[in-house]
Amino acid sequence: MTTRLVEGSEAFAHAMVGAGCRFFAGYPMTPFTEVLEHMASALPPVGGVCMNAESELEAVGMVWGAAAAGARAATGSTGQGLSLMQESIAEAALAGIGFVVLNMARGQGDYFQATRGGGHGDYRTPVLAPSGPAEVGELIADAFDLADRWRNPVLVVGDYYMAHTWVDVDGAEEMLEPRPAPAWTLDGSSGGTGGAKLVSPLGTTKQRDGVGYDLAAHYEHADQQRRNMAEGIAPRAETTDTDDAEVVLVAYGTMARYAESVVSLLRAEGRAVGLVRPITLWPFPEAAVAAAAEGSRIVAVYENNAGQMIDDVKLSVLGAVPVIGLNGYRTDSSAFGISPDVSVEQLTASVRDLLETS
Amino acid sequence: MTERRRPDELAILPSDEVPTDATRVADFTPDLIDVGEHHLCPGCGEPIAIRAVVDAIALLGLADKSVAVFGIGCSTAFSNNLDVEVLQALHGRAPSVATGVARVRPGLAVFTIQGDGDMANEGLQEVLHAAARGENIVCIMLNNGVFGETGGHLTVTTTIGQRTKNTIEGRNAAEHGHPMRIAEMLAQIDGVGYVARGAVNDAGNVARTKRMMVDAFTAQQQGLGLSFVEVLTMCPTGWFVPTDEAPDYLAETIAGTHGVGVLRSALESDSPG
Ligand SMILES: Cc1ncc(C[n+]2csc(CCOP(=O)(O)OP(=O)(O)O)c2C)c(N)n1
Ligand code: SF4
Ligand SMILES: [Mg+2]
Numbered sequence: 002m003t004t005r006l007v008e009g010s011e012a013f014a015h016a017m018v019g020a021g022c023r024f025f026a027g028y029p030m031t032p033f034t035e036v037l038e039h040m041a042s043a044l045p046p047v048g049g050v051c052m053n054a055e056s057e058l059e060a061v062g063m064v065w066g067a068a069a070a071g072a073r074a075a076t077g078s079t080g081q082g083l084s085l086m087q088e089s090i091a092e093a094a095l096a097g098i099g100f101v102v103l104n105m106a107r108g109q110g111d112y113f114q115a116t117r118g119g120g121h122g123d124y125r126t127p128v129l130a131p132s133g134p135a136e137v138g139e140l141i142a143d144a145f146d147l148a149d150r151w152r153n154p155v156l157v158v159g160d161y162y163m164a165h166t167w168v169d170v171d172g173a174e175e176m177l178e179p180r181p182a183p184a185w186t187l188d189g190s191s192g193g194t195g196g197a198k199l200v201s202p203l204g205t206t207k208q209r210d211g212v213g214y215d216l217a218a219h220y221e222h223a224d225q226q227r228r229n230m231a232e233g234i235a236p237r238a239e240t241t242d243t244d245d246a247e248v249v250l251v252a253y254g255t256m257a258r259y260a261e262s263v264v265s266l267l268r269a270e271g272r273a274v275g276l277v278r279p280i281t282l283w284p285f286p287e288a289a290v291a292a293a294a295e296g297s298r299i300v301a302v303y304e305n306n307a308g309q310m311i312d313d314v315k316l317s318v319l320g321a322v323p324v325i326g327l328n329g330y331r332t333d334s335s336a337f338g339i340s341p342d343v344s345v346e347q348l349t350a351s352v353r354d355l356l357e358t359s
Numbered sequence: 157m158t159e160r161r162r163p164d165e166l167a168i169l170p171s172d173e174v175p176t177d178a179t180r181v182a183d184f185t186p187d188l189i190d191v192g193e194h195h196l197c198p199g200c201g202e203p204i205a206i207r208a209v210v211d212a213i214a215l216l217g218l219a220d221k222s223v224a225v226f227g228i229g230c231s232t233a234f235s236n237n238l239d240v241e242v243l244q245a246l247h248g249r250a251p252s253v254a255t256g257v258a259r260v261r262p263g264l265a266v267f268t269i270q271g272d273g274d275m276a277n278e279g280l281q282e283v284l285h286a287a288a289r290g291e292n293i294v295c296i297m298l299n300n301g302v303f304g305e306t307g308g309h310l311t312v313t314t315t316i317g318q319r320t321k322n323t324i325e326g327r328n329a330a331e332h333g334h335p336m337r338i339a340e341m342l343a344q345i346d347g348v349g350y351v352a353r354g355a356v357n358d359a360g361n362v363a364r365t366k367r368m369m370v371d372a373f374t375a376q377q378q379g380l381g382l383s384f385v386e387v388l389t390m391c392p393t394g395w396f397v398p399t400d401e402a403p404d405y406l407a408e409t410i411a412g413t414h415g416v417g418v419l420r421s422a423l424e425s426d427s428p429g
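Chains as they are written, first to last, in the numbering used here: chain A, 2 to 359; chain B, 157 to 429.
Check before you lean on any hint, since a few could be wrong.
Just a few of them, taken from the derived set where beta-carbon distance is under 8 Å, the chain A residues facing chain B [what the hints assert, rightly or not]:
1. Thr4
2. Gly19
3. Gly21
4. Phe24
5. Glu55
6. Leu58
7. Gln87
8. Glu88
9. Ser89
10. Gly193
11. Gly195
12. Leu199
13. Pro202
14. Leu203
15. Arg209
One-sided excerpt, in silico: chain A residues whose CB lies under 7 Å from chain B [as the list claims (entries may be wrong)]:
16. Ser42
17. Pro45
18. Val47
19. Val50
20. Asn53
21. Gly62
22. Trp65
23. Ala70
24. Ala72
25. Leu187
26. Ser190
27. Lys207
28. Gln208
29. Glu287
If you are wondering where the hints come from, they were derived from the structure by calculation, not from laboratory data. Every residue, glycine too, gets a C-beta built ideally from N, C-alpha and C.
Please put together the full structure from these sequences, using the hints given.
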């Protein structure tokens, strides 16, 4: 087996190319920048295209076009850049154009942006959250499959730690050939046949059908698609030691790795602590969180922000036990999301406190 | 027609009802337009410009090798009415979307149709960047100097003196700033293969605009870089002038600032202009 030591960003790039992604467009912003750099070197050798887009607006526009032309396509950015892309992400859901968006966040302050959608309208985007580079390969492949299956943008949430942690990847991993272009995508060939294809966020009914755009019907259709998608995607979570846990931690992404350490440290002392790690942030693994909360004394949400995922946890627990946040707003002075007080020691102390007092 | 009217004396526009005594004598709908009837205003220049585009595509045999990328404006009424594959883009975003299509399918004739508000207000950077990249696409801007679709508001191309809903006495530089000349701007960018400005206010200009479209797509097919054609189109509704006066209003108020002609061409020989 050929194992290679790579930076987390390269693991993201490697996973995308391996999943058959052949079009990428991006605009530099830490910690997304290195993913873009790796895609710029990884795509041309396999016949793919990486665009140095002149802005995030153009990056997501290019991906809109590439996906509609049949390629597996992806873009990404960090908070601010993703804010700029929201109009296109929201409308791509209406147009039935699927692509992958890497949300390489700083800290976890963009949980709402990812899971609620920062854009307008009644849409949803599936959101996958690896806990580290080792899980990136699998979840990136899943993200492209979901984007194809539901014809909807799909987000994968990473962060500064994940982008810059060096890990072993299996270099012999299967590299998928690009899948054939789906039937709805454009290649020009239906022109002049009397039935040229149309891909549009306004609908696909043409004037020759005697109707033209019918927004009411189209939005109803989109609404149905969204419901089907919500029901069709199995929520995923990883649970550790929750069966008899008195204190249940809930954490995603990098924060979950700190929580894992704390759980194993405290379990070694015989303390009843468990962890639920949501892997799909939308759809949120409500049932897994509710099941873990049952029989516990308290659920504590460990997230690197002022408290965002805690809303979803409360909606899952539905008042069965108290739900608290273990953190206030924290960031470092660089604002790259490396909170100075995120540490195993600090979290262990907080959880000990809960075990004693709650 | 340079007479200015106060808002309370605005012209009443003729209705687009077909007269009851009218009979259809022939159907001149081009093959690549599905339905000849449209719901744009009487006297609108945009359908004429779109016809020039599809005529060029038909003439060059590109009907099954093209993808049109539409912006958002009055011309969006045609995005579901062509027998050419269409990808609808958001307001301002057509050049980047067309770039994505063209990079994935380099053999195709990918083109955008955008209004002046769409291309030059909301998304000006997109066409400039696409031009500088030498993106091998055709970008078409239908320039009426107004946001026709929202009701006739001033755009960056509105000429001095031009009436719009929010410059009803005519644009004046002191209050509303100066118009931008988009074709001139694009003509100086390395990476463009063809730049021209046409108009559809009279038969001569319509014929000339069609030749420009043929040349623009020919340059695209030859891989000469980005082709750009701006077309001055009538918007009697947004200009608040009677329908039949709009072509002259275009010539007198708009074409003086936005001059018709070929500004740059890398083709070995242009169609006689
Ligand atoms: C982001 C965004 N802002 C504003 C609008 C509203 N809007 C729709 S069409 C339009 C102006 C269109 O003007 P132009 O491109 O010149 O086309 P015309 O209607 O004149 O043909 C505007 C502002 C929109 N659709 N999207
Ligand atoms: S408002 Fe102007 S551009 Fe729009 S359809 Fe009417 S005349 Fe044409
Ligand atoms: Mg306009």
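Leu187(A) was flagged as interface toward chain B. Is the shortest Cβ-Cβ separation under 7 Å?
OK, holds: Leu187(A) within 7 Å of chain B, min 5 Å.
Classify the hint on Ser42(A) as holds or violated, based on whether any CB of chain B lies nearer than 7 Å to its CB.
With a closest approach of 17 Å, the Ser42(A) hint is violated.
For the restraint on Glu88(A), tell me whether the closest CB of chain B is nearer than 8 Å.
Nearest chain B Cβ about 6 Å off; hint holds.
Hinted contact Ala72(A) with chain B - closest CB pair below 7 Å
holds (5 Å)
Holds or violated: the hint that Thr4(A) contacts chain B, with Cβ atoms closer than 8 Å.
Status violated, d = 33 Å.
At a threshold of 8 Å, is the proposed contact between Leu58(A) and chain B supported by beta-carbon distances?
Where the cut-off is 8 Å and the nearest Cβ of chain B is about 7 Å from Leu58(A), the hint holds.
Is the shortest C-beta separation between Ser89(A) and chain B less than 8 Å?
holds (6 Å)
If you take the shortest Cβ to Cβ gap from Ala70(A) to chain B, is it below 7 Å?
holds (4 Å)
Tell me if the interface restraint on Val47(A) is satisfied: Cβ within less than 7 Å of some Cβ in chain B.
Status violated, d = 14 Å.
Interface hint check: Val50(A), Cβ to nearest Cβ on chain B, cutoff 7 Å. Holds or violated?
holds (5 Å)
Glu55(A) was flagged as interface toward chain B. Is the shortest Cβ-Cβ separation under 8 Å?
Holds, because the Cβ-Cβ distance from Glu55(A) to chain B comes to roughly 4 Å (cut-off 8 Å).
Does the closest beta carbon of chain B sit nearer than 7 Å to the beta carbon of Gln208(A)?
Hint holds; Gln208(A) Cβ to chain B Cβ min 4 Å, cut 7 Å.
In summary, the numbered hints that this structure violates are 1, 2, 3, 7, 16, 17, 18, 20, 29.
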